[in-house]
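Peer 1: Each chain, letter by letter, is given below.
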Amino acid sequence: MTLAQECAWAVWRGIVVALPAVWIASALCAVVDGGSQKPASRGRRVVRGLIWAVMLAPLLTPTLLVAYAWRPTALAWVRDPAWVEWLYRGLLLARYAPVAALVLLLAPPPPVSAQAMHAGQLLGRRFQPGLWWRGPARRAIVAGAAVFLLSFTEFEIAWLLDIRTWTAVIFDAQAARVPLDQMLRMALLPLACQAAVVVPVIWLVLCDTRLSGQTAPPRLRGVGSIVTTGLYLPVAFVLGCGYPLWIVAAGAVRGLRPLLRQDLTVGTLQQLGFGVRQGALAAVAAVAIALLLRRTHRGAATVACVPGLFGPLIVGMLTMTLFRWLPLRGVYDTIVPLSLAHMVWLLPIAVLLVALLGPRRAQAMHAAHLLRQAATPELQRCGRRLIGHLWVRPLIWAGFILFCMAYFELTATAMLAPAGATPATVMAYNNMHYGQYDVLSARVLMSLLLALLLFALVAAAAKGMQRSAKFKVQIAK
Amino acid sequence: MRHVWVVLALFAAVLTVSGCGASESDADLVVYCAHDEVYAREVFDAFEKNTGIRVRVKYDTEATKSLGLTEAIIAEAGDPRCDVFWNNQLLGTVELKERGLLEPYQGPGFARIPEAHKDPQGHYVGFAARLRVYALNYETWPAAKLDESERDAAIEAVLNGNDLSRVAIARPLYGTTLSHYAVLWHVMGEEKMKAWHQSWRQRGVIERGGNATTRDLVAQGVCDIGLTDTDDFFMGRDAGHPITMAPIYITDEAGRRRTICIPNTVAIIRGCKNSDNARRFVDFLLSEEVEILLANSAARQVPLGPVDESRLNDDVRLLRRWIEDAYPLTGLHAARMACLEWLKAEYVR
Numbered sequence: 001m002t003l004a005q006e007c008a009w010a011v012w013r014g015i016v017v018a019l020p021a022v023w024i025a026s027a028l029c030a031v032v033d034g035g036s037q038k039p040a041s042r043g044r045r046v047v048r049g050l051i052w053a054v055m056l057a058p059l060l061t062p063t064l065l066v067a068y069a070w071r072p073t074a075l076a077w078v079r080d081p082a083w084v085e086w087l088y089r090g091l092l093l094a095r096y097a098p099v100a101a102l103v104l105l106l107a108p109p110p111p112v113s114a115q116a117m118h119a120g121q122l123l124g125r126r127f128q129p130g131l132w133w134r135g136p137a138r139r140a141i142v143a144g145a146a147v148f149l150l151s152f153t154e155f156e157i158a159w160l161l162d163i164r165t166w167t168a169v170i171f172d173a174q175a176a177r178v179p180l181d182q183m184l185r186m187a188l189l190p191l192a193c194q195a196a197v198v199v200p201v202i203w204l205v206l207c208d209t210r211l212s213g214q215t216a217p218p219r220l221r222g223v224g225s226i227v228t229t230g231l232y233l234p235v236a237f238v239l240g241c242g243y244p245l246w247i248v249a250a251g252a253v254r255g256l257r258p259l260l261r262q263d264l265t266v267g268t269l270q271q272l273g274f275g276v277r278q279g280a281l282a283a284v285a286a287v288a289i290a291l292l293l294r295r296t297h298r299g300a301a302t303v304a305c306v307p308g309l310f311g312p313l314i315v316g317m318l319t320m321t322l323f324r325w326l327p328l329r330g331v332y333d334t335i336v337p338l339s340l341a342h343m344v345w346l347l348p349i350a351v352l353l354v355a356l357l358g359p360r361r362a363q364a365m366h367a368a369h370l371l372r373q374a375a376t377p378e379l380q381r382c383g384r385r386l387i388g389h390l391w392v393r394p395l396i397w398a399g400f401i402l403f404c405m406a407y408f409e410l411t412a413t414a415m416l417a418p419a420g421a422t423p424a425t426v427m428a429y430n431n432m433h434y435g436q437y438d439v440l441s442a443r444v445l446m447s448l449l450l451a452l453l454l455f456a457l458v459a460a461a462a463k464g465m466q467r468s469a470k471f472k473v474q475i476a477k
Numbered sequence: 478m479r480h481v482w483v484v485l486a487l488f489a490a491v492l493t494v495s496g497c498g499a500s501e502s503d504a505d506l507v508v509y510c511a512h513d514e515v516y517a518r519e520v521f522d523a524f525e526k527n528t529g530i531r532v533r534v535k536y537d538t539e540a541t542k543s544l545g546l547t548e549a550i551i552a553e554a555g556d557p558r559c560d561v562f563w564n565n566q567l568l569g570t571v572e573l574k575e576r577g578l579l580e581p582y583q584g585p586g587f588a589r590i591p592e593a594h595k596d597p598q599g600h601y602v603g604f605a606a607r608l609r610v611y612a613l614n615y616e617t618w619p620a621a622k623l624d625e626s627e628r629d630a631a632i633e634a635v636l637n638g639n640d641l642s643r644v645a646i647a648r649p650l651y652g653t654t655l656s657h658y659a660v661l662w663h664v665m666g667e668e669k670m671k672a673w674h675q676s677w678r679q680r681g682v683i684e685r686g687g688n689a690t691t692r693d694l695v696a697q698g699v700c701d702i703g704l705t706d707t708d709d710f711f712m713g714r715d716a717g718h719p720i721t722m723a724p725i726y727i728t729d730e731a732g733r734r735r736t737i738c739i740p741n742t743v744a745i746i747r748g749c750k751n752s753d754n755a756r757r758f759v760d761f762l763l764s765e766e767v768e769i770l771l772a773n774s775a776a777r778q779v780p781l782g783p784v785d786e787s788r789l790n791d792d793v794r795l796l797r798r799w800i801e802d803a804y805p806l807t808g809l810h811a812a813r814m815a816c817l818e819w820l821k822a823e824y825v826r
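Chains as they are written, first to last, in the numbering used here: chain A, 1 to 477; chain B, 478 to 826.
Think of the hints as simulated: they come from the structure by calculation, not from any bench. Glycine residues also receive a C-beta, built at the ideal position from the N, C-alpha and C atoms. Wrong hints could be hidden among the right ones.
[What the hints assert, rightly or not] Sample of chain B residues lacking proximity to chain A, with all beta carbon distances greater than 12 Å (derived):
1. Asp522
2. Lys535
3. Lys574
4. Tyr615
5. Leu623
6. Ser626
7. Ala645
8. Asn688
9. Thr690
10. Gln697
11. Met712
12. Asp729
13. Glu786
[As the list claims (entries may be wrong)] A few chain A residues that face chain B, going by a derived Cβ cut-off under 7 Å, partial list only:
14. Thr2
15. Ala76
16. Asp172
17. Ala173
18. Val178
19. Pro179
20. Arg324
21. Ala419
22. Thr422
23. Met427
24. Tyr434
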């Protein structure tokens, strides 16, 4: 197929994944959010927590594991490409429906509330597109657009499952030494497809920023939500997390001994370190820029986020072009290009996370600001400390999520990692083309365990900081 | 605003600790290596241990094998970052020589490699080779167990038949399949080669990403015959899959049956920053010890220079016999470039 045909097919795939994803997400929202104003019982909270964990597991499972686990199945179905296509769509749906649910739950409420819609209907017109567009549809459209963009730009799973898509054509072009300028010209078509989604959504979000005060996301009501969630969650968990983890863990049990005996060298540990370093750099940079953008005009922040929406393949290629340009050649073979590419790619997510996870308790922030303006220096100090602590925990979590994304990102990393500093995840992905074998499973598990270890450290640090903040504020009182 | 400065300070700290400005200048030697990291790492470790020279390695990805690094060296021509290119093929290296990017060197390693596998001026030298082979699944295709001549005839019969849906080959845009195509282009000529390719596709040959995928298709019994390399084949056989192999033969202009042998090559980049260390590394790589090390690795790479045969395993001894009939690759640069241009038009539209 030509690039145009691959693009058209990827657009169709994106739509096929996005539509059910939004529908499933609305059912998930009803189950995980509940919407009740009464405090839930302990048992209900535990069940809800479990549902959250099962829902988010496929999203948080690195593509590395998913692609590795399902590759033999895709090979076995090589004569039935339609099955492989459906498997791929299933994996995308399992992975990205939780993104839609998060957008529905966390996005700011639309300017037209449910009450306004109802009032509109009472005034005589059953369906008013203008109100609907600025009302209940707004969050669903944003959620659908997010899933579409993620599905459209996905590359790593597609490559290992041998799914032909526009990203594979661009990668083939790179491999076959098509000149970079020609390749970037080729990339204009998929960029246009993405822009066709991004621009209207940005316009939709920016055109009317007044909030209605309505906070509940659109939900699928009643038995429908329970049936949909009951069917979706187990299947998505097995597809996107359970089966990949089982494959890797089973192989790792057998492969751990040979790995420790012969393959675990200083070099392997260094490769793990390179991954942590580039993940940390990209996360810290993205959070820093997101914090700066928070203070700028909303339009400027949106424009700054647009390049990242085009995915790591395009961002990586553009960064490579930029750093082969004479004035920047001095830092070409360092971690600067990779960190920059990751930062650009992560920026939209960082801005979103800072907005969503940032201090949500307006009263606490207000009290802290009042304390900072108090007469006594001790109270001023206390206010400053409180502001710091209201920020620190969310920033740590935002940073950690971004770190994980950069740590497990493979496409731009494979292109831009400097000589001698290729991270372990890219090495593992590279070796996955040879098929599944035990030592490789052990290596993959080691990369995952390192991320989990860092997660435990971050969680402990965040908890410790919160305790320390409470203690200091109590002392100040 | 304070937290912004805290985050920026943290960024600067991570940057400083990680040595962001550190590039190849703080290494003793920079090697671009297209050979698989799992096999090459042992060689680099041995070199560092023997010489104390610190090596920084940039590996290629499986998908873009060798072409990615060749492209990088061409792009960096004005300001080379790489000292030594360890290619896992020959034809990409020949292209670099044609572009004037390689520095000739004739050290002790050069002397021990036969003429057929090196550039006469010493711009590059071949060593530790692979062969193109058919991987055959003897459970789904019992003819794989026949004796050599009957088996070869059975393979011919399948490949000349109307249905190639149980035959797999890697996408020929890169890797050793591209070299294989370049040989066919040279031997058959452009028109015949294109007709052959179209005929295979029309008869339903399964084209997938790389040689390892091809091997896996055969190992899983999805296909009976796959065109792959010896290192990929051995990896599958060692994993316990029911596969065996047969050499891929082509008939040359003189009507003689020839195998396709693809050596690793090593070359020093013109204008590199660590030329003394680069020479030491090239000598080390072309030594008998390294050829034996690679021969006894899981990849079973075939030594091209003289070695103590008693130190080789049975698989490599068999392959050493096959490479005696290998088709010479050194004159195929023009064929490869022409073939690649045509393949780009076919696959990247």
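Peer 1: Of the numbered hints stated previously, which ones are contradicted by the structure, given in increasing order?
Peer 2: The structure breaks hints 1, 2, 7, 8, 9, 10, 11, 19; every other hint is satisfied.
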